[in-house]
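Assemble the complex: chain A is given as a structure, and chain B must be docked to it using the hints.
Chains as they are written, first to last, in the working numbering: chain A, 871 to 1416; chain B, 871 to 1416.
The hints are simulated quantities; they were obtained by calculation from the structure and are not laboratory data.
It should be emphasised that the depicted structure is a prediction, and the values quoted were computed from it without experimental measurement.
For each residue, glycine too, the CB sits at the ideal point set by N, CA and C.
Heads up, a few of these hints could be off.
Claimed, not checked - Pairwise CB distance ranges (calculated):
id: 1; chain 1: A; residue 1: Ser-1235; chain 2: B; residue 2: Gln-1349; range: 50 to 56 Å
id: 2; chain 1: A; residue 1: Thr-1381; chain 2: B; residue 2: Thr-1381; range: 29 to 35 Å
id: 3; chain 1: A; residue 1: Arg-1034; chain 2: B; residue 2: Asp-1340; range: 50 to 56 Å
id: 4; chain 1: B; residue 1: Gly-1019; chain 2: A; residue 2: Arg-992; range: 56 to 62 Å
id: 5; chain 1: B; residue 1: Arg-1216; chain 2: A; residue 2: Ser-1235; range: 34 to 40 Å
id: 6; chain 1: B; residue 1: Arg-1180; chain 2: A; residue 2: Pro-897; range: 40 to 46 Å
id: 7; chain 1: B; residue 1: Asp-1340; chain 2: A; residue 2: Arg-1037; range: 43 to 49 Å
Protein chains: 2
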Amino acid sequence: MPAPLTTLPADLSPTGWGDPARRTGLPPHATGFLREELGATVPTLPAGPPALTPSALPDEVAAALRDAVGDEHVLVDDDARLLRAAGRSYLDLLRLRSSGPLDAPDAVVLPGSAPEVAAVLRACIDTGVAVVPFGGGTSVVGGVSPLPGRFPAVVSLDLRRMDRLVRVDEHALTATFEPGVRGPEAERLLAAYGLTLGHFPQSYEHASLGGYAATRSAGQASTGYGRFDELVVGIELQTPAGALGLGRGAATAAGPDLMALALGSEGVLGVVTSVTVKVRRVPAVKRYEGVFFRTWQEGCAALREMEQERVAPDVARLSDPDETRSHLALAGTGGLKGRVGRLVLRARGYRGGCLAVFGWEGTESGVAARRKASLSVASRHGAFVVGTSVGDRWEHGRYDGPYLREDLLDAGYLVETLETSATWSRLDATHEAVRRALQSELPRAIVMCHVSHLYAHGGSLYFTVLAARDEDDPVGQWQRAKDAACAALVATGATITHHHAVGTDHRDWMTAEVGPLGVEVLRAVKATLDPTGILNPGKLIPDLEP
Amino acid sequence: MPAPLTTLPADLSPTGWGDPARRTGLPPHATGFLREELGATVPTLPAGPPALTPSALPDEVAAALRDAVGDEHVLVDDDARLLRAAGRSYLDLLRLRSSGPLDAPDAVVLPGSAPEVAAVLRACIDTGVAVVPFGGGTSVVGGVSPLPGRFPAVVSLDLRRMDRLVRVDEHALTATFEPGVRGPEAERLLAAYGLTLGHFPQSYEHASLGGYAATRSAGQASTGYGRFDELVVGIELQTPAGALGLGRGAATAAGPDLMALALGSEGVLGVVTSVTVKVRRVPAVKRYEGVFFRTWQEGCAALREMEQERVAPDVARLSDPDETRSHLALAGTGGLKGRVGRLVLRARGYRGGCLAVFGWEGTESGVAARRKASLSVASRHGAFVVGTSVGDRWEHGRYDGPYLREDLLDAGYLVETLETSATWSRLDATHEAVRRALQSELPRAIVMCHVSHLYAHGGSLYFTVLAARDEDDPVGQWQRAKDAACAALVATGATITHHHAVGTDHRDWMTAEVGPLGVEVLRAVKATLDPTGILNPGKLIPDLEP
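With the rest of the complex left out, here is chain A:
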């Protein structure tokens, strides 16, 4: 019998992101830039971790859970509970650095198989305990918050022991995984077959495949590889009402697509116990390149036309002027080979412009041909290729954002992101409306934005907000800004979330997103699959009106 797995290399640090050694601290030029832009800060956050509220797990529940998975796979120690006490949103990080007491799950249970997941659910139904399915814990929308709902206790159902690559079909190019496999491990397992999933969200180093499915994740290369929900061709969900196995054949017209109900179900309808995904052969070549546009409008037009003409890169990210300016300032040189690069850009009229990163993956000849086709469209809109050093720099740091966030947090800043998608016709209006909304609540903030996922009819917008933190009311400071931004999204016809999912933070916006009748449909499905309501209370589906 293996020892209980309480931590893994892929685990988040108890109060922040991953390996603390990866933090670099803010360089002096960044500190200077931020002080100039955002004003002075007087950071007062405790380092954390906070004290936890004591476990309130009734003995009969503990006994039932131990029966379900074995004694060693039911954990009630504070280290285990803290690790599942919060996701990693800005508000989560504030909580994790408070003095507490912090609400945490009353126990952590680690099933090793789908039947054990079923046994855990049965035990929780029988004893009346809420269950929060837990993958990598990287939710930034409150998706893993340990809310008990109307139940006296709540357990975290951590899927890490279900970490196998179950099956590879090299002919159909699909792979079946258990849900607890993390991104790097999935790639390592597939690499043995010369295959890749190609799904690289910023949370890649920690997030799990079950979590990708449950939240409809999108990766940095999803323009080329597809969103995670587009990669899934089969899924198994263990629900309190039984197992649901979906995905026959290759495509179907057998009624509504129930797989689409499992994807994005956020642990509210069931627990993902298996996911079959499309995979691809590992590309021989990956080429990432920096490209400048004179204006946001020209850059957006280039992205749109590349996608509509089916010659888009696999990675296509376009920063708006404020993000471009801030990134170059925070990076010091901007990766443009120093003074010479900057002079070239200025001379050609790109000062105040927009930096894009384009990436192509595939065979050498394929990448060359596709790059030529992409840049041919981009050049119609004044694209100026600044070379692979910018692209390589982006690739090298593509998972570092959360570490920078911790440095900023320590330095007294509010730092958070939010994202959406809009049709190309409304992209500008949404971009402007969200900026205005955020700046109405945070007048001195830097609001940065990039387009990072392309569709024929629209694109995503990813906003990053930086401001001096209001240490008296840091939660309210952000919530007011976030509410204003969400209202702007609804008003402009954009979606409330493109890839962060709903959790607690977007839950009450779901009525605007799918209408009151859409919410009723979700409630009906929930009542069928989870009749007693033990699964992830308080997430995704708005409460009934009082």
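What follows is chain B alone, placed relative to chain A:
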């Protein structure tokens, strides 16, 4: 006030397909081939149309419907009722050529707007009448059969008056249509903007866009353009419980995709009142070409690799040896430029091989480049290009299949199709199992098959069955064969339907397709959106066990 629209150029003929003038009759060589293969027939089918059962529309229902849509849009005459009495499956055609009496809707109601659809539903709820939403009437799975369920009467809700192109977004390349627009009219309306939907199922000349959405249609060019469910980016559904409007932004992670519940809902959950679809610029060039493979396995491998290497044609259809042989025999020359072409093929070892049609659409240079890439892969598997005459011949006759079917029906044959999809790993096994199943019930049948829709992980299989009709029990003869084929699909992990949908004919196979719990979910959604169960009773969702 315009006159009531009882017929349109796009209407089906009362007992068959479209314009009777398009029927050519079976040429002598075809007649000879069929007699040799299938044996002699003694056709005894009446020409139809049959007598209809009398309309049983209660007066109060008629009054309520007239209130909802105006007197002139409620039709109770037999011509109007006959036109909505059946779809166009083989069994439907047998019914339409019986002496009757044939069940028909008790009335036909023609709403002109979403509010009028709502008013019709309200009237039907209030008076307790079943409603069958009706688009083009081309269902081949019983989707429009006028079943009253537990209600005393049933009305056909024909959407033909809702035939507008509501909005074109030339920037996002989307178009919003009312549901009653038929395929050719949609293309005509879009052509004014230089745009195309690119959705060309065999039913194209008659089927409606609302029907495409409600049945998850796939077109002949869906390998390139995408299935209809992939083209839809917004949908409005009028349900008995209210309106459901879905599709914000460009892509979303806001919970489960409820749009995927509306797509494929087959009039059971609501009435599609608006659909917003991706469109493309009209291609400058369309090139269709015939390609021969020595074996089915080589042809399938070529299709698979083209798709997995992302160089598939927009149209890719591969006939198995029996379909190739039969098509060439029925066509007389096979379009291979006569004797010389046949000699060439035989000499090179393609006798007994498989004919494919590949099609590329786009700019001249784009088509040339993509054709080269496709054929480069195909040539690895021994592809022999026989030229555009075969391709052009296919394109010219692409909507003629249903006319040939009528000629075959008149000549005493059973002729029906069924279709599925399977992963590439299971495609051969499914192909073989379905052939065996059909031939176990119809020992002397010709069973033809082609792959016609490609996905990275699999493809569709479309079977056509020809046999001498058993005039004593034509219905039972086909039903036994169909049941055997469906059982084979389930046993090999294939889907029960790739693009024909569920209707009545596949309804009881849905439990195998999505599991008993999946059926429960569909029932729960139905109960929420259609609490009294007036919408399309007897379709899609299996009845509760007695």
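Against the structure, the hints:
With their beta carbons about 53 Å apart, Ser-1235 (chain A) and Gln-1349 (chain B) fall inside the hinted range of 50 to 56 Å. Distance hint check for Thr-1381 (chain A) and Thr-1381 (chain B): the Cβ-Cβ separation is about 33 Å, which falls inside the suggested range of 29 to 35 Å. At roughly 52 Å, the beta-carbon separation of Arg-1034 (chain A) and Asp-1340 (chain B) lies within the given 50 to 56 Å, and the hint holds. At about 37 Å, the beta-carbon gap between Gly-1019 (chain B) and Arg-992 (chain A) misses the expected band of 56 to 62 Å.
At about 36 Å, the beta-carbon gap between Arg-1216 (chain B) and Ser-1235 (chain A) stays in the expected band of 34 to 40 Å. Separated by about 42 Å at the C-beta atoms, Arg-1180 (chain B) and Pro-897 (chain A) satisfy the suggested range of 40 to 46 Å. Between Asp-1340 (chain B) and Arg-1037 (chain A) the CB atoms are about 44 Å apart, so this pair conforms to the stated range of 43 to 49 Å.
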